[in-house]
Amino acid sequence: MTIPEIQKKIEEGLPGCKVEILDPYRDGVHIKAVVTYNGFNGKGLIEQHRMVYATLKEELKEEIHALALETRSE
Amino acid sequence: MEQELKEKIESLIKSEKVFLFMKGTPEMPQCGFSAGVVSTLKQQGIPFGSFNVLSDMKVREGIKEYTNWPTIPQLYIDGEFVGGHDITVQMAQSGELKKKVS
Numbered sequence: 001m002t003i004p005e006i007q008k009k010i011e012e013g014l015p016g017c018k019v020e021i022l023d024p025y026r027d028g029v030h031i032k033a034v035v036t037y038n039g040f041n042g043k044g045l046i047e048q049h050r051m052v053y054a055t056l057k058e059e060l061k062e063e064i065h066a067l068a069l070e071t072r073s074e
Numbered sequence: 001m002e003q004e005l006k007e008k009i010e011s012l013i014k015s016e017k018v019f020l021f022m023k024g025t026p027e028m029p030q031c032g033f034s035a036g037v038v039s040t041l042k043q044q045g046i047p048f049g050s051f052n053v054l055s056d057m058k059v060r061e062g063i064k065e066y067t068n069w070p071t072i073p074q075l076y077i078d079g080e081f082v083g084g085h086d087i088t089v090q091m092a093q094s095g096e097l098k099k100k101v102s
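Protein sequence lines, in the order shown, are assigned to chains A and B.
The working numbering puts the first residue of the first sequence at 1, with every later residue one more than the last.
The working numbering puts the first residue of the second sequence at 1, with every later residue one more than the last.
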């Protein structure tokens, strides 16, 4: 799964969110997604991360090896 | 989920005040995120128990379902799910983690 595909999945799952994908090691594997979404307002960190994970439900089972997350509300 | 597996997971979670499901052992973590949580807990001086999910496929899959959280490591305090690597690190930085343990 490519970085643009991951970005697209998150954007589709959380309409109106902003996604920035960082690839600090430039290996396309150990990536970090910074997600800003107004739907995170009033929710705890666990719930925010669960919402992002839900958009990548299938991919997280196999394809995505290491995804770090940072979530922010608008 | 099988009752037996659920009971095993619950007894692990409650076996220590702070409990970590991780890949590998605290001495030899097998994944960068697991290593990150171990070093965070050590830096904060927080004692913890752990379970190596690589040693038991049933627990490895079961814990994801039990908590509705798709990744490992997973940290629990007082039997309650706290988060994965990113949340743990963030809570350590803000001082919240230590507060939760004390």
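Treat the hints as calculated values from the structure; they're not laboratory data.
A hint or two may mislead.
Stated by the list, open to error - Negatives, chain A to chain B, calculated, CB over 12 Å:
(1) 23
(2) 28
(3) 41
(4) 49
(5) 59
(6) 61
(7) 65
Said to hold, decoys possible - In silico DSSO-like links for lysine-lysine, alpha-carbon gap of 27 Å or less:
(8) B:99 x A:61
(9) B:58 x B:98
(10) A:32 x B:8
(11) B:98 x A:57
As the list claims (entries may be wrong) - Part of the chain A face toward chain B, derived, beta carbon under 8 Å:
(12) 29
(13) 42
(14) 46
(15) 53
(16) 66
(17) 72
C-beta: ideal position from N, C-alpha, C; glycine also.
Evaluation of the provided hints:
Every beta carbon of chain B lies more than 12 Å from that of residue 23 of chain A, the smallest distance being close to 15 Å; the non-interface claim holds. The beta carbon of residue 28 of chain A sits about 15 Å from the closest Cβ of chain B, which is more than 12 Å, so the claim that it is off the interface holds. The Cβ of residue 41 of chain A lies farther than 12 Å from every Cβ of chain B, with a closest approach of about 18 Å, so its non-interface assignment holds. Some Cβ of chain B comes within 12 Å of the Cβ of residue 49 of chain A; the nearest lies about 7 Å off, and the non-interface call is violated.
Here residue 59 of chain A does not stay apart from chain B, with its beta-carbon only about 10 Å from theirs, under the 12 Å limit. The beta carbon of residue 61 of chain A is not kept farther than 12 Å from every beta carbon of chain B, the shortest such distance being approximately 7 Å. The claim that residue 65 of chain A is not at the interface with chain B is violated, since a C-beta of that chain comes within 12 Å of its own (minimum 9 Å). Restraint check: the Cα-Cα separation between residue 99 of chain B and residue 61 of chain A comes to about 33 Å, which exceeds 27 Å; the hinted pair is violated.
The suggested pairing of residue 58 of chain B with residue 98 of chain B is violated, with an alpha-carbon distance near 31 Å, which exceeds 27 Å. With a C-alpha separation of about 33 Å, the suggested pairing of residue 32 of chain A with residue 8 of chain B is violated against the 27 Å cut-off. Taken as a hint, the residue 98 of chain B and residue 57 of chain A pair is broken in the structure, with Cα atoms around 32 Å apart against an allowance of 27 Å. Of the supplied interface hints, the one on residue 29 of chain A is violated, with its beta-carbon coming no nearer than about 11 Å to a beta-carbon of chain B, more than 8 Å.
Interface hint at residue 42 of chain A: violated, since its Cβ lies 17 Å from the closest Cβ of chain B, which is beyond the 8 Å cut-off. Given hint, residue 46 of chain A at the interface with chain B, holds; its Cβ is 6 Å from that chain's nearest Cβ, closer than 8 Å. Checking residue 53 of chain A against chain B by beta carbon gives a least distance of about 5 Å; that is within 8 Å, so the hint holds. With a cut of 8 Å, the hint placing residue 66 of chain A at the interface with chain B holds, because the nearest CB-to-CB distance is about 7 Å.
The criterion of a C-beta within 8 Å of any C-beta in chain B is not met by residue 72 of chain A, whose closest approach is roughly 11 Å, and the hint is violated.
The structure shown violates the earlier hints numbered 4, 5, 6, 7, 8, 9, 10, 11, 12, 13, 17.
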